[in-house]
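First to last, the protein sequences are chains A and B.
This note's numbering puts the first residue of the first sequence at 3, with every later residue one more than the last.
This note's numbering puts the first residue of the second sequence at -17, with every later residue one more than the last.
Any given hint could turn out to be false.
Residues of chain B clear of chain A, computed beta-carbon distances all greater than 10 Å [what the hints assert, rightly or not]:
#, residue
1, G(-2)
2, Y38
3, T278
4, M382
Some chain B residues near chain A, calculated using beta-carbon distances under 10 Å [as the list claims (entries may be wrong)]:
#, residue
5, T(-7)
6, A10
7, I13
8, L16
9, A19
10, N20
11, S26
12, Y35
13, S37
14, P44
15, P190
16, L206
17, T223
18, S262
19, I267
20, R375
Only part of the chain B face toward chain A is listed, based on derived beta-carbon distances under 10 Å [as the list claims (entries may be wrong)]:
#, residue
21, G1
22, I9
23, L17
24, D22
25, S36
26, L41
27, V185
28, I189
29, L191
30, E193
31, A199
32, A201
33, S247
34, A261
35, A310
36, L314
None of these hints come from the bench; they were simulated from the model.
Glycine included, C-beta positions come from ideal geometry on N, C-alpha and C.
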Amino acid sequence: MFLCFILQIVARYVFNYPLGWTDEVSVLCWIWCTLWGAVFVLRERDEVRFDIIYSNASEKTRRIFTIITGIGTVVLFGIALPAVIAYVTFLKVERSAYLGIRLDILYSIYVLFSVAVIVRYAALTWLALRGKAPEISLGSGSAL
Amino acid sequence: MTSPFALCIYTILGLGLLGLPIGYSMIAGSILYLLLANLDLGTSAEQILNGLYSSYVLLAVPLFLFSAELMNVSKMTDQLLRFCDMLVGRFRGGLGHINIVQSIIFAGMSGSAIADLAATGRISIDMMTRNNRYPVSYAAAITAASAVIGPIIPPSIPMVLYALISDTSVGYLFLGGVIPGLLMALAQMVINTIMAHRHNFPVEKPIPLREWPAITATAIPALLMPVILLGGIYGGVMTPTEAAAVAAAYAFLVAVLWYRNITASDTYLAVLNSARSTASIGMLIAGALVFNYVVTIEQIPATVRSLLAGYDLSPTMFLLWVNIILLALGCLLEGSTIILVILPIFIPTAKALGIDLVHFGVIAVFNIMIGLITPPYGLLLFIISAISGAPLRSIIRDTMPFVIAMIVALAIITFIPETVLWLPRLMGYKG
């Protein structure tokens, strides 16, 4: 993930040659960085969220909130998962423009992302049911 | 509006209000919509992946974040402070002016207000509060207020996001931000002067003329950054994305070769921090991509347009209302959420009313940046309170004059479009 950035910069320097693959590599890095980072690197407090209500709620209310959002997320991402897998595997007929890599391999990160989101929120819900609400410090996850 | 769409909105709002990250809320809500509307659920994946894949301009965001992080760890700030002192330290309330000028220079290098604040905040506040010369809450207030200039003067991350949703040129948006950014700085300096006279803030000792060249020389690498960036973009050498990459590489080289105070672990930290911010904003963008798809198939823009046609709204009235709404939302919501979720609703109307989209974008970004320092949800206020140790309430009190001055500046750029559009037009913008 960290290499992505270096790679992007280096890629851009090769730019004097009209090489298309550098574009493609940087864009792919960006997709992978975002989706991979979102589920495996981000801590709860880095997320961009509307936390005024949550942070002012009592411990018990927070647990209920977490359970509701957790179940909602798991159910909806879960329903979409088969279709997502179908979409990504369908793409095996296509290849990326420059590198010629099969798109289903490149896009597989989204399946991984979906599964990780489901697991993560299932875990959070489970923890909340067991009596632990995740602590959220006030909005640190902004890039502005 | 069909009811699946209404349900989709309720889901997003509901999950969002209960504290689920906004990006996930939007994806979840959109999945529900696709389900109810009997559309292929795989579309959610398709929209996100293809959207991210084809949005080349967005690559500028992580790169700008990275260069800002680098400048933070390389302590470029110290050199800059001396340079600003040289320029404006001699006036009453000198340190306040130094703070503002420094933010202008920083604004030319980074595209993020939070990065500017993190870079300059502690040093500026320490300097201002030494020997009790300024009250700490005032020091904190002016530091937070001046950091807001960051994303208005190019480069600017919020403008890149706006360019994505509105299909306008990043280059012209950046140019459009220059004069409003300076105007905002001017407004703040006026307030600082007034406050300085009222509270009799100290004057700095003027720096003798013979020291000027040396001080300027140490600041040059930092000062060159905006020149390289903007020159590259408008000279047609680079696209904004490439310029962002060059900026990151340049910041790295300056830190390593010129100031020589960056270590491997600093670099690692910079990469890690920018990766985190990238992922969190990337999620928001992903959510916005699916949600915008839903908005498009529901033909919301057309609905809004026909709804508005009945009201006979003039462009001026519309802009006034947008400003009021955005200022109100800015008190409650995080800035990139407003850009990616709320603005797409306004853009079709702005277009229909014949408002220039570059003008509109600069106004919106300006407005949303003010939102960063308005309570209760003013991100910069929280950060500066943590940095300075001053209580939030007194910081808010001292920020208010600046907020008012900035709203006046906002009114000026809203109703005199030339303040925004003059520079882009000079460089060939046809709008």
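Hints, one by one, checked against the model:
1. Chain A draws G(-2)(B) into its interface by the beta-carbon criterion, the shortest separation being 5 Å against a cut-off of 10 Å.
2. The beta carbon of Y38(B) sits about 6 Å from the closest Cβ of chain A, which is not more than 10 Å, so the claim that it is off the interface is violated.
3. Every CB of chain A is more than 10 Å from the CB of T278(B) (nearest about 19 Å), matching its label as outside the interface.
4. Here M382(B) stays apart from chain A, with its beta-carbon at least about 21 Å from theirs, past the 10 Å limit.
5. A hinted interface residue such as T(-7)(B) counts as satisfied when its beta carbon comes closer than 10 Å to some beta carbon of chain A; here the least separation is about 7 Å, so the hint holds.
6. Against a cut-off of 10 Å between C-beta atoms, the interface hint on A10(B) holds, since the closest Cβ of chain A lies about 4 Å away.
7. Nearest Cβ of chain A to the Cβ of I13(B): about 5 Å, under the 10 Å cut. The hint holds.
8. The beta carbon of L16(B) is positioned within 10 Å of a beta carbon in chain A (closest approach about 8 Å), and the interface hint is therefore held.
9. For A19(B), the interface hint is violated, the least distance from its beta-carbon to any beta-carbon of chain A being 13 Å, above 10 Å.
10. With 10 Å as the threshold, the beta carbon of N20(B) stays out of range of chain A, its nearest partner Cβ sitting at about 12 Å, so the hint is violated.
11. With a cut of 10 Å, the hint placing S26(B) at the interface with chain A holds, because the nearest CB-to-CB distance is about 6 Å.
12. Restraint check, Y35(B) versus chain A: the minimum CB separation of about 6 Å is within 10 Å; hint holds.
13. For S37(B), the interface hint holds, since its Cβ comes within 10 Å of a Cβ in chain A; the closest pair sits about 8 Å apart.
14. Here the hint on P44(B) is kept, as its CB sits about 7 Å from the closest CB of chain A, short of 10 Å.
15. At its closest, the beta carbon of P190(B) sits 40 Å from a beta carbon of chain A; the interface hint therefore is violated under the 10 Å criterion.
16. With 10 Å as the threshold, the beta carbon of L206(B) stays out of range of chain A, its nearest partner Cβ sitting at about 18 Å, so the hint is violated.
17. With 10 Å as the threshold, the beta carbon of T223(B) comes within range of chain A, its nearest partner Cβ sitting at about 8 Å, so the hint holds.
18. Using the Cβ-Cβ criterion of 10 Å, the hint placing S262(B) at the interface with chain A is satisfied: the shortest such distance is roughly 4 Å.
19. Evaluation of the I267(B) hint against chain A yields a held restraint, the C-beta minimum of about 8 Å falling below 10 Å.
20. With 10 Å as the threshold, the beta carbon of R375(B) stays out of range of chain A, its nearest partner Cβ sitting at about 15 Å, so the hint is violated.
21. At about 3 Å, the closest approach between the beta carbon of G1(B) and any beta carbon in chain A falls short of 10 Å, and the interface hint on this residue holds.
22. The restraint placing I9(B) at the interface with chain A holds, with a minimum CB-CB distance near 8 Å, inside the 10 Å limit.
23. The beta carbon of L17(B) comes within 6 Å of a beta carbon in chain A, closer than 10 Å, and the hint placing it at the interface holds.
24. Interface restraint check: D22(B) against chain A, minimum CB-CB distance 6 Å, threshold 10 Å, status holds.
25. Annotation: interface hint on S36(B) holds; nearest CB of chain A at approximately 8 Å, less than 10 Å.
26. Hint status for L41(B): holds, given a least beta-carbon distance of 5 Å to chain A, under 10 Å.
27. Checking V185(B) against chain A by beta carbon gives a least distance of about 34 Å; that is not within 10 Å, so the hint is violated.
28. Residue-level restraint check for I189(B) is violated (minimum Cβ-Cβ distance to chain A is 34 Å; threshold 10 Å).
29. Restraint check, L191(B) versus chain A: the minimum CB separation of about 40 Å is more than 10 Å; hint violated.
30. Interface hint at E193(B): violated, since its Cβ lies 36 Å from the closest Cβ of chain A, which is beyond the 10 Å cut-off.
31. The interface hint given for A199(B) is broken, as the beta carbon of that residue sits about 27 Å from the closest beta carbon of chain A, more than 10 Å.
32. Taking 10 Å as the C-beta contact cut-off toward chain A, the hint placing A201(B) at the interface is violated, the least distance being around 25 Å.
33. Among the interface hints, the one on S247(B) is violated; its C-beta lies about 13 Å from the nearest C-beta in chain A, farther than the 10 Å criterion.
34. A cut of 10 Å between beta carbons decides the hint on A261(B): the least distance to chain A is about 3 Å, and the hint holds.
35. Interface hint at A310(B): violated, since its Cβ lies 14 Å from the closest Cβ of chain A, which is beyond the 10 Å cut-off.
36. The closest approach between the C-beta of L314(B) and any C-beta of chain A is roughly 7 Å, which is under the 10 Å cut-off, so the hint is satisfied.
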